[in-house]
Every structure is written in structure tokens, then in C-alpha cells.
Amino acid sequence: MASEPLLRVEDLRLHYRSGNGVVRALDGVSFDIRRNEALVVLGESGCGKSTLAKALMRLLPRNVQHFSGNLLVDGVETMGFSEERFRREVRWVRISMVMQAAMNALNPVIRVGEQVAEPLRVHRGWSARQARERTAEVFGLVGISADFLQRYPFELSGGMRQRAVLAMALVTEPDLVIMDEPTSALDVLTQASIMNALKRIKQELGTSFILITHDVSTSSEIAERVALMYAGQLVEFADAKDFFGEPAHPYSKLLMASVPRLHQEETPVHIPGQPPNLLNPPEGCRFAERCPSRFDRCDRDPETFRIGNRRTVRCWLHAAGSRA
Amino acid sequence: MSAPARDIRRSAAGPVLSARDLHTWFELRQWGFLRVGSVRAVDGVNFELQAGEAVAFVGESGCGKSSLARTLLGLHQPTRGEVIFEGRSLGTLDARERKTYLARVGFVQQDPYGALPPFMDVRRILHEPLIVHGMRNRAEREKRAREALEEVRLSPPDDFLSKFPHMLSGGQQQRVVIARALILRPAMIIADEPVSMLDASVRVEILQLLRSIQTNHGLTLAFITHDLSTVRHFAERIFVMYAGRIVEQAPVNELLNHPQHPYTQALLGAISDPDPDNALQMREVPPGEPPSLLKPPAGCRFHPRCNRMIPGTCDQEDPPEFEPRNGHHTACWLYR
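Protein chains in written order, with the numbering used here: chain A, 1 to 324; chain B, 1001 to 1336.
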């Protein structure tokens, strides 16, 4: 099954009930990720990228109104799995996650080492001692001295805590780690050293990463593939080289032009307008309202077209490509 | 109202605002009375801001930049040294003069959600500073409030005046904060991380707004930020702070193209522009973390992390400011 991607997501939809109606947070998202690959999911806040992470881990809130699509792990469809089976075979076994702001969610009264070892104790039923040894190993991997095992979260700096929650995600040796905004609360130097740690781990363990972020610049530190989300949909999915070099979707282009760059004279340009309300998204293309290249076809929901082998774009401008 | 007339803004010769040997220390006490030391948040800062210029104070969290902003605003009493505004030291102002000072310096906070009182509508938020500063005429206040909203491009003002903060998006809230800072027609604006809490897509917009207001009115603008990549486009001069001190200062392009202090070099080296090649290489990051401000290291504060440390000098003597290039100052022994 070597040709099967590690994870394949097909037409994932997740709608929430809210006081004002149904929020279509994910509306037909498809992508895949291979072994030892780093995928970056980019998007503005409210575009559904955190929902995507939770959907992949099947950590759903109670107000879910609709959840459908296919989630194939090594070619095996897991959507039909019972909660118990999913927990036993997928979550934190094959796929683990570093939640947004997880570093601030460490239990303040439990030693860091114990918290990081918890998945081993819960999922694998390891003894405290076994778990501690393995945890010390993983601490080394993420760049924290094993002395810190015995410390409490408040004794660690922000960067250290972020490494600790990363260790917690790695401790069960998953194939894929999903990270939601792992560096956005950190200082520049700390960010850079965490990204270094991720690169090293990817090289040494062959782990795949899905990095969810709004920070285009930092994401380029690891990205091999880029998926750009807008209003609950995937608008472009491409190799990092192509996406950063030659974005295809009009939104991708504007996004790239809005990124402030240190080594560039031109002032970044902001994208006018606001993303649509997901309670009642527009009929046609969801970006049309803000799109400079809008034309009459955009009143209809665009299909996803394939450009070359490795890129898909959800935009009528690329209708010359084959249907994906 | 003692309306600060706009035309006297540039009358004062020399810098608008300067800091001389400024120290802001926070005393730490145990059990409420035992002195156990001081957090030296601002520890010997000197600078001068000229009228109408936009500067940025850049540094990592905990480097003292927010304490500096609050000291400049007179919210913290300096432990030593002084802040001089238009030729007068803040410490010598009486209560009435202090009030005038606060009207002359607008403040834009980091967190718009926390800066706006949730129980006031936009109209009241904007009227309040005017009332405090003695503007009794309601119609005139209303006119000012509308002008301020137009200025921050919340137009038409009628759509916003009766809204409460929770009804506005983050970007709109920050615009209201800016409008409030502008409403007394200040000579200077201090903005403490004005966009760090906002969505990436609105950041540029807010920074552009601040910058255009600054140039239109010839205001002096001091940005406090951790984000060097945006600074380039929105400030003219950069001050780099590390552990309570300014370690380097220069005009923007000069600083970005020829960073002198090893800390600045490390900082610039850690910032990525979106480039797919980034994924292929590791970044060089100095080891360790910024020192505790309770007990900063002797000598240069960056020396424990510095790869060009000169033993016997850097770890013992505080580096004074050198000027290795024209108009480019840095506190580093390498340029002795």
C-alpha cells in the first residue's frame, strides 16, 4: 500500500448548529498528505481551519448538525469507525495533535513529565517508569533537557511549554501530527527554533505534519504542500514551491501580496472586504465579492480544477484545467 | 476646553519627546514588606523623538518595551532618569499640566477587546475624553466624534456611533481605539502592539491607517512591536530593545541592511519571508533565552547568548553606545 497517501480527506463537511442557524464551517474539503510530508493549511481566522483540525481528530463539539465525507488513513476508511475504535486505532495512535494555545492548557499542578507521558499511560497502558524513560527521550528530541521532566508548567518559558506539548503529541510515535497555530504566540527567535525542531523531527522520525496557521512566512519554514482555505472551502492546494512562487487562485495572489516581507521594498497590500458569513454563504464563489477578477460565471459555485499533476484550484478562471 | 492648538505643535525646538537615563524598576516584595529585589523592566534608556517622525521600538516579549510605553505615558513613575516632553520633564508637571500632557499624547493599546469598556457605546467612548478635558458643548463633542470616526474610516459615522464594542469586528474595535486616541488632537501617538491581536489580513490595513493619520497631521508616532517584518513599511527609525535596554538604533533601511548588534543580526536572521527554500535549511538561532530582569547578567546583557562575545570585556563591562556607521548607534563592544 505504499502508493496510498497516509491520509486522504474527501469532501469533508462539518456544519454546526448555532443560535442563528447552521454554520457551514467546512463545506467540501478534499486533500491528501503522504508519509513524511509537511502540509500547511493557511487561512484567515474564521475560515474553518481549526474546525478542520478537530474534524480530522474527530474531536467534535456537541452542536454538530452534519458531519460527512471520507477520512482514509492508509487507504482505510475511518468515518464508519465507532468512537471507541477510532480512539483505539487512530486518535493519538496514528494521528496526534497540538491544539491551539495548548501550551497554556497544561495542568499547572502536575509535573510536565507526567503530563507528557499521559498518552502512553492511557493509550498504551505503560508503567510509569517505562513512560518516563520514553518521555525523557522525546524531550531530547524536541530540545528540552530531561531535567525539565520534574518541573511544573509555570517554571517553563513559553517556548519550553510549546516544546512540551509537541513532545506530548510525539510520545506515542504517530505517523501524523496536526498542529494548530503552534508558534503564533511566540517570539521570533523562539518561533525559529521551534520550526528548526520540527524540521529535525521530520527528518529523523519521518513524521508527517499538518501545520494550521495564518502566518504565511513562518509556515514556509516547513511547508512542502500548501492548502489555502477560504470560508470553509479549500480554494487552492499545491506544492509550496508553486504556491509561494506562483499562486493561482485570485485569493492566493492577494494573500501573498498582503504578507509583509523584510526584504522587500513594496508595501504590503491588504485585501479589502471581509470573508462571508458562514451562516449564509453566498450561492456562487465565496470569494467573488472580494475578487478583482470576478466575471459572470462566478455566480455559480466553482468546481475544483486540476492544473498539472500537483495542483488544484477552485476557481472558474482555471476552467481550462481538467476537473479534479 | 484647553484645546491644544495644532499650530503650536512644531513650535518647540528640538525633540518632542526624549528619555534621559530612564529606569523603571518594579520592586518585588515578599509577604508584602520584605524587599527581595527589583525587576528592571526599563534600565537606562536614552532616545530623542523628533516632531513628525514615526519610530518603532522592537523587541521580544519581556524586553521592557511595554513598560517603556507606560513610563512615557506617565503611568509608571520612573525609578531614575526623566521623560522630557516639549522641553519639560514629566516629573515636574503639576496635576493640571499632567492632564494636558495626557491630552497631547494618544495611546493605542494592544488589545482592543480589553481597551474598550463593554458597557459604553462608541459615542460615549469618544465623548468621554472630551468631557474629561472640559468640553461642555455637546454638539461640538458630537462633531469631533464624527470627525474622528471619519478619520479612522468608520464611515458613515452614524452606523457606528450607537454600537457597542461587541458588535464590532476586531479591526473596527481597533479603529475606535485609534479614534479615541485622536479625539483630543494629540501631538504624539504611542501604539503598543496595535495589531498583534488582530487577524493577519486586517493588520496591514490598521498599520496603513495609523501611518496615514500620522503623515496627514504631522504627528509623532511611536510603535511598540515585536514584529520586525511590518516595521519596515510603517516606521522611519527603529530602536531594538533587549532586556530593558536599547541595543541598537538606526533609520529603517540602514538597520535592516546593515544590522550591527549580534542580537539584531540574530533577530533578522530568524525572520522568514515566504520562500519555499526556507524548508530546506535550519535557521541559526542563538542559544538560551533572554535573561531574567530580576538579575540581568553583568556586562552586556546579550553576552551569554552571543557568538562573538569578547571574554573579559563583554561579560564584565556594560557596553556604551558606539556609532559604527553614520547615524547608526549600537551598544556593543565589537565596535569599540
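These are calculated hints, taken from the structure and not from any lab test.
For clarity, every value in this text was computed on a predicted model and none was experimentally measured.
Backbone N, C-alpha and C fix where the C-beta goes; we use that ideal spot for every residue, glycine too.
It is possible that part of the hints are untrue.
To be verified - Ranges of calculated distance between the beta carbons of each label pair, as one might list FRET restraints: (1) Q1030/B with A128/A: 48 to 54 Å; (2) E4/A with P1324/B: 21 to 27 Å; (3) A185/A with V1132/B: 31 to 37 Å; (4) K1163/B with R17/A: 22 to 28 Å.
Structure-based check of all given hints:
no.	hint	in the structure
1	Q1030/B with A128/A: 48 to 54 Å	36 Å, violated
2	E4/A with P1324/B: 21 to 27 Å	58 Å, violated
3	A185/A with V1132/B: 31 to 37 Å	35 Å, holds
4	K1163/B with R17/A: 22 to 28 Å	27 Å, holds
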